[in-house]
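**Student:** So the protein sequences, as listed, match chains A and B.
Quick note on the numbering used here: the first sequence kicks off at 1 and runs consecutively.
Quick note on the numbering used here: the second sequence kicks off at 1 and runs consecutively.
If you're looking for bench data, these hints aren't it; they were derived computationally from the structure.
Any given hint could be a false lead.
All copies of an identical chain are treated as equivalent in the list; a pair is satisfied when it fits inside any one copy or across any two copies.
Calculated pairs, DSSO-like style, for lysine-lysine (alpha carbon to alpha carbon, straight line, at most 30 Å) [said to hold, decoys possible]:
#1 Lys-442 / Lys-462
#2 Lys-178 / Lys-217
#3 Lys-186 / Lys-119
#4 Lys-328 / Lys-462
#5 Lys-56 / Lys-386
#6 Lys-318 / Lys-186
#7 Lys-496 / Lys-38
#8 Lys-328 / Lys-56
#9 Lys-56 / Lys-142
#10 Lys-37 / Lys-462
#11 Lys-38 / Lys-80
#12 Lys-142 / Lys-4
#13 Lys-467 / Lys-38
#14 Lys-462 / Lys-496
#15 Lys-119 / Lys-493
There are 2 protein chains.
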Amino acid sequence: MNIKEAISKLYELQSKLSAYNHAMSLIYYDGATVAPKKTARNRAHALAVLSEETYKITTSDETVALLEFLDSHRDELEEKEQRIVYLAIRDIKEMKKIPIEEYIAYQELLVEAGDTWHKAKENSDFELFRPVLEQIFEFNKKIAAYCAPEVHPYDYWLDKYEKGLTIEKCDEFFATLKDRIVPLIKRIGKAEQVDDSCIHGDFDEASQEKFSLELMKIMGIDLGICGLGTTEHPFTTSIGSHHDVRITTHYQRDNFASSMFSVIHEGGHALYDMNSDDEYAYTFLDGGVSMGIHESQSRFYENLLGRSEAYVNYVFPKVCECFPEQMKGYTANDLYKAINLVTPSLIRTESDEVTYCLHVMVRYELEKRVMSGELEVKDLATEWNKLYLEYLGVEVPCDREGVLQDSHWSGGSVGYFPSYALGSAYGAHLLHKMRESVDVEKCLAEGNFNPINEWNREHIWKYGCLKNPDELLRNALGEEFDPMHFIKYLEEKYSKIYNI
Amino acid sequence: MNIKEAISKLYELQSKLSAYNHAMSLIYYDGATVAPKKTARNRAHALAVLSEETYKITTSDETVALLEFLDSHRDELEEKEQRIVYLAIRDIKEMKKIPIEEYIAYQELLVEAGDTWHKAKENSDFELFRPVLEQIFEFNKKIAAYCAPEVHPYDYWLDKYEKGLTIEKCDEFFATLKDRIVPLIKRIGKAEQVDDSCIHGDFDEASQEKFSLELMKIMGIDLGICGLGTTEHPFTTSIGSHHDVRITTHYQRDNFASSMFSVIHEGGHALYDMNSDDEYAYTFLDGGVSMGIHESQSRFYENLLGRSEAYVNYVFPKVCECFPEQMKGYTANDLYKAINLVTPSLIRTESDEVTYCLHVMVRYELEKRVMSGELEVKDLATEWNKLYLEYLGVEVPCDREGVLQDSHWSGGSVGYFPSYALGSAYGAHLLHKMRESVDVEKCLAEGNFNPINEWNREHIWKYGCLKNPDELLRNALGEEFDPMHFIKYLEEKYSKIYNI
């Protein structure tokens, strides 16, 4: 085999695996959106086979020999291929540490878990979900033990979602936030409260959907490539490559802002996924590099842009067009204040920017303890409620609005949540940097997202998985990441809104 | 290898292939329903890989050796496994005759063809579709030449969709129908025409969708297993097994009966697919055995039941519930007559039971001539219009309502259409037989489909692909199939409606 042949085989391999990814992402998306309700087992069957096939292709002797050959000729490869080989070897080494039967059993469990979680949430019954969740945490511990027996199992998973992240770093990061955010929340609590009545009312689903598509267009999302679906819990997924991306939302009849900001959030994920360099399609470099960077983009669009005064002023007439009756008598400023109401609450995805990180901290704390063996899954609901009272001062009335609210654990994601808070903070620093060359306020005031998207494309999106998240971020920021930008952003914005 | 191991390997193989089928059916369904519009190429990529993988698994030395081993021990196998081995060997022998590059190229072509056909139909421009359609017919000829060089290429495809069907049999069948149906249409044409104003009006999509789900429930379709989607052209597909089936419909704002009968038609297909014996799931025996039998079920529900006086009397109050304003002043009898209006028209899927076979004959005639090399694809639109004038006496105003109306050719199906007419005729004979033991009128009058479905399950559905269509039919009918039952049914029903 010569280098040229080997590189060609490498691209064939990636192309093949992307077709399996296409199938599996679509089966997942279908299950969450339009699939009939009693078909989870049927999907589990297909996913089990396809993930076994993926596993076999990825870890086959032929694949390993190919990658080792290429790795031994690393210096003759371009940066792109070097990175592909590096990522593939890293993943295969890990995959080979997990026995295939366990890998398949876990995939099967996750399909059923999604179904069980849905039912448990509907019935607000944690006990229904508990046995499956116990298995999921057990699998997470086992996989960590197989792959990185030398580190704390939670460190393994934190690093998995955000290369380089550890309990130590999280503890420090969250402590910094807590130090300044808790006092800020207290000051806001004592100030005169804002009126959020304009986002409440009766908003039919068809109008909300129309509005969602309008929001996507304003963001510069090509609707010919990015679809919009409806699910219990909003999410974004690529289907096989960045040439087909789907976002979902959840419509609340009595609050149009809920779906509005879900759409902008998921739209941020979608823009990141859709804008990998075109030559990365059907390769391991396609799509976002980490959950932290992903959330930096989604929360950037949702909060830093979507909840800004300039954007709200621009979008308000469109809100009035979609909901003329409901918006009667309200101003853009009423809407701006309503969507920035700060109040300790129960549901993370509907919480404000300021208290949001406390919601994340609850989950971080609980995951850390379960993964450390200090807390049992059976006690998760009780502990959840205790921490919500301690951190946010709210009483959790039922599991549906408590421990069952997020889909993450049912999808096997343990260690993902910290990246939401981290992403928020990355975003604020990125905005600070972007302002050096882009007049962000002017863009938002005019509803022109092009210069903003262009900056993100040039500094973040186009790289796909070419760089590790820390390198990507340093490269974009021109300096080390500093969470103080986020804290200052929150303090300035909310001091003004609340006159404190 | 012993027999027991070999049988176990056989089931593993089928289970694996059903997962690939799951993925490919879902990719197709997604593309036709919710996928963003500019993602066809991305789907083509995944489908190309997955069909290549399917091809490789199916034709691998390992698979062939397994099947040959089992075939050489045929006498030791149960009927079920004998049939599986027979079907698999038959398909593999054929697959191996088609060069893999051509097989893959054809799959890729079909994905793009769907897209091109949509655009061409939207623009009513046959020339846009022509180059792709030429390739499709070429592929069909080539595949026939590879697989059965000894027979007429159209005979090959007729047999593919309905085992045993030939040009000779079709010519005879269609001649019999023509002999009696053309005079019937003439007599109806001279009679007093019925008023179909009650099915026309303004019917919003949401109400039509609600009504569709109600119709499915009445038919005894489990909505937890069978989903309903919206597409340009209605169809039914299983996703991986009979445990997940999807039907689609197309809503016409000005005519609720169009979608109503699409739903009942596709619902008939779905019932057949969903009711294979449970132990056939994830095997080659799962689902319907042929297009003719499939159409015998779909057209049975659509016409023999759905357009009957007893059913219309039962369903009329439900129509009024869904469309109270539009139905004001109309009676069940008005609806019965409206949905049985006989009039030579342009669109096959919206045509009445009596003229329907003439629509099919146009397509049969054209396919036969193209496959024989007597007609070129470039002349199809002109010939289509000529035959519509000759057979049905109608002028085709544009390609959208002419040669571009059906999706079949864009999906590669050449030789499928005759099975619609054949299925209609099978259905009439089956109904004749069913009446010996089931009081069909009473069931319909009470909206109780259970005894009807039970008869179909016992005589048709449960067998899946266990028997060849002719054997299955003979077994269900207790005698040879006779198209005169269909002719008599039409003559009796329409003589009464039209007082002739």
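**Student:** Could you run down the list of hints and mark each one as holding or not?
**Tutor:** Evaluation of the provided hints:
1. Lys-442 / Lys-462: within (24 Å within a copy, 67 Å between copies)
2. Lys-178 / Lys-217: Classified as neither: same-chain Cα gap 36 Å, cross-chain 55 Å, threshold 30 Å.
3. Lys-186 / Lys-119: neither (37 Å within a copy, 59 Å between copies)
4. Lys-328 / Lys-462: neither (43 Å within a copy, 60 Å between copies)
5. Lys-56 / Lys-386: The answer is neither: 45 Å in one copy and 56 Å across copies each exceed 30 Å.
6. Lys-318 / Lys-186: neither (35 Å within a copy, 58 Å between copies)
7. Lys-496 / Lys-38: Classified as neither: same-chain Cα gap 51 Å, cross-chain 44 Å, threshold 30 Å.
8. Lys-328 / Lys-56: neither (60 Å within a copy, 64 Å between copies)
9. Lys-56 / Lys-142: Within. Shortest intra-copy distance 21 Å satisfies the 30 Å Cα cut-off; inter-copy 35 Å does not.
10. Lys-37 / Lys-462: between (38 Å within a copy, 23 Å between copies)
11. Lys-38 / Lys-80: between (44 Å within a copy, 27 Å between copies)
12. Lys-142 / Lys-4: neither (39 Å within a copy, 35 Å between copies)
13. Lys-467 / Lys-38: between (42 Å within a copy, 29 Å between copies)
14. Lys-462 / Lys-496: Neither: 36 Å inside a chain and 70 Å across chains, both beyond 30 Å.
15. Lys-119 / Lys-493: neither (40 Å within a copy, 49 Å between copies)
The structure shown violates the earlier hints numbered 2, 3, 4, 5, 6, 7, 8, 12, 14, 15.
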